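Trainee: So the chains spell out like this:
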Amino acid sequence: MEGLHHDTNLEPTTAIPDAKLDGKEDNIIDEQESDLIPTDKDVDFALLPVNQDLSDNDKIDLYDQMVRIRRFEERSLRAYQQGKIGGFLHLYIGQEAVAVGSVSVLGKDDHVITAYRDHGHAIAVGMNMDECMAELYGKKTGCSKGKGGSMHFFAPDKNFWGGHGIVGGQTPLGLGIAYALKNFNKQGSCLCFMGDGATNQGPFYESLNLAALWELPVIYIIENNGYSMGTAEGRHSAGDPLARRGESFDISWKVAHGHDLYEVRSVVQEAVERAHQECKPTVLEIITYRYRGHSVADPDQTYRTKEEIEEYKTNKDPLNLFKRKLIEENVLSEERALEIDKSAKDEANASAEFASESPFPDADELMDDIYWETDNPEKRSSEGRIFFEVP
Amino acid sequence: MSIISYRDALNQGLAEELQRDSNVVLMGEEVAQFKGSYKVSEGLLEKFGPSRIIDTPISEAAFSGLAVGASMMGMRPVVEFMFWSFCYVAFDQIFNNAANVRYMSGGLINVPVVFRGPANGGTNVGATHSHTPENFAANTPGMKVVCPATPADAKGLIKSSIRDNDPVCFMENTILYNLKDEVPEGEDFIIPLGKAKIVTEGNDISIIAHGKAVHTAIEVAEELSDKHNVSAEILDLRSIRPLDQEAIIASVKKTNRALLVEENKPFCGVDAQICFLIQDQAFDYLDAPIARVSAVDAPQAYSKSLESVQLPGREKVLKAALNIL
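Chains A and B supply the protein sequences, listed in that same order.
Going by my numbering, the residue at position 172 of the first sequence is 172; the numbering climbs one at a time, nothing skipped.
Going by my numbering, the residue at position 24 of the second sequence is 415; the numbering climbs one at a time, nothing skipped.
These are computed hints drawn from the structure, not numbers from a lab.
Only a predicted model underlies this, so the values are computations on that prediction, with no experimental measurement involved.
Do not take every clue at face value.
The list that follows gives simulated cross-link-like pairs (lysine-lysine, DSBU-like), each with its CA atoms no further than 30 Å apart [claimed, not checked]:
no.	chain 1	residue 1	chain 2	residue 2
1	B	K426	A	K379
2	B	K588	A	K280
3	B	K588	A	K182
4	A	K186	B	K710
5	A	K280	B	K586
6	A	K379	B	K588
7	A	K182	B	K586
8	A	K316	B	K618
9	A	K316	A	K306
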């Protein structure tokens, strides 16, 4: 994985050069920290209780979800290339195990918020392909009625709070969701997903400080795909691993591999436990990889090689790895896997059909959903003019 | 009815809404133990406890965003900015998140949050602490903007803003905090957003203002009446968005002359919009060009000698009025 800086840094970092205390070398990696940085060989995550508790059907369902996300996105890419989807399309392909694994350990008072690469999380929380695809097509039947687009999917009824377009902008919102949960005495948590690039935005640090200071049940999940748009981690971030930045605030942190769904479940479940039992935050860094460009319209060959992408696809594809595991466990057969794949493709095609046939919003709908008051005129308490130019 | 300060009126309004709805919390720098940098929240910590009156670190982006996230979940947070000028480090949270989440979610999410604090020049604190962002807050669809000029309005409007289901930017004025006037008592006293107030009725010229400029307008109207035999009508906008356009147009149609006064900067300021509305809706009623006095188009200066000429003072406003009479 030449050039994939982030993937070479799971081993404990060595002491800061020349760091000395009382005249002797200080080993800055304490015992706890070494424990927190996983190595592939130490643990078989499949054997941990959180994964042992899964029934065969549960496992097949998790695989199914990952396949559905991938087929949905592949179908959306085709539609984008056909000019049916405008704007940006940030694909999650390659990262599926992170959203699916994380969301799979959540309960009724656990919430999710993420950035603009949000299709995977949306489908993982249970949004259906039709409403998602229609949103990409800018149709009235989209989850946001065609007003949000790819970066802004929402489903508050499924505890999913977006879909946010500004890098790092969702980090204080996730904090606020956790704050509200604590205020309402809910034993819940908020998973706030973000990319590696977002770790360099100021509000993230302000949020970490408040999360620790006020003991809020927020879990920052850094999906480290190695690139902040086209800038490799080694060129955008000092200090490694990124999750260790939580340590400055005495926040528990951990690094995990995102290509292993069992491992993702295990670390997220541990963090959710901490949120539920101790009402405390966690920072997780989940090492993953995206196969497509930052957005599909962006050139992808200026900052990484085809070989790098191919190598990840060959050795660490989360779908293939999980499929292989389930076959080894005698949970899944090749035939069943093919059926799942076919069904996901059919569902994705049907969603494209649905989106294509759905009507575009009317010009009048531009003015809906701006203010609660103008959407509920019979309950309006304010007076005066509120819009100054209408269609 | 009792005579209390603008500061105490805000305090009363906040206390009543905190009492009325357990989802209301007040958070910001120094609001609790310190009793508020301008003592607006004095006594609230003792009354409502630290889970409702919350001291934050100096992290406007985080606590503004936190309030937005909490409001999405059903809370009604009131965020105090020590100065509205400090909102600039939380711009994304206020103007991207609070203002847009409802729209981008196709109306699935409400954001009943209030951002409040002083937004004014005139106190020798230099450019970074003297911003008046009501114009660009009002330039953001999804946002409501309120600028109370009197103690009664401060109370009635803060209560309405907290009860409002949309995000509200509530802009106070440090120079007005000590202003005393009659304020109605009782939980039921509220003033709807978007309703202007005729401060003084008149027939010869409409002076339209918001915030502290209203008080300048009152002084000018007295002088116009005393020395120039001119009857000026003063309209206090109170809310910038929604805007009481009807009241503006009705007044101009009556007096046939309009003078707009604001402490906002001129370029794309609030009065630029109002000027457009008047010429659009009452062009044929105008007997003179619309006059406008705003803050001088320079960053707010520190020195008293400089700053005293920056804000629209009595002399300048009077001259502008006489110019179109």
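Trainee: Determine for every hint whether it applies to the structure shown.
Mentor: Structure-based check of all given hints:
no., hint, verdict
1, B:K426 / A:K379, "violated (36 Å)"
2, B:K588 / A:K280, "violated (50 Å)"
3, B:K588 / A:K182, "violated (42 Å)"
4, A:K186 / B:K710, "violated (62 Å)"
5, A:K280 / B:K586, "violated (45 Å)"
6, A:K379 / B:K588, "holds (23 Å)"
7, A:K182 / B:K586, "violated (37 Å)"
8, A:K316 / B:K618, "violated (86 Å)"
9, A:K316 / A:K306, "holds (15 Å)"
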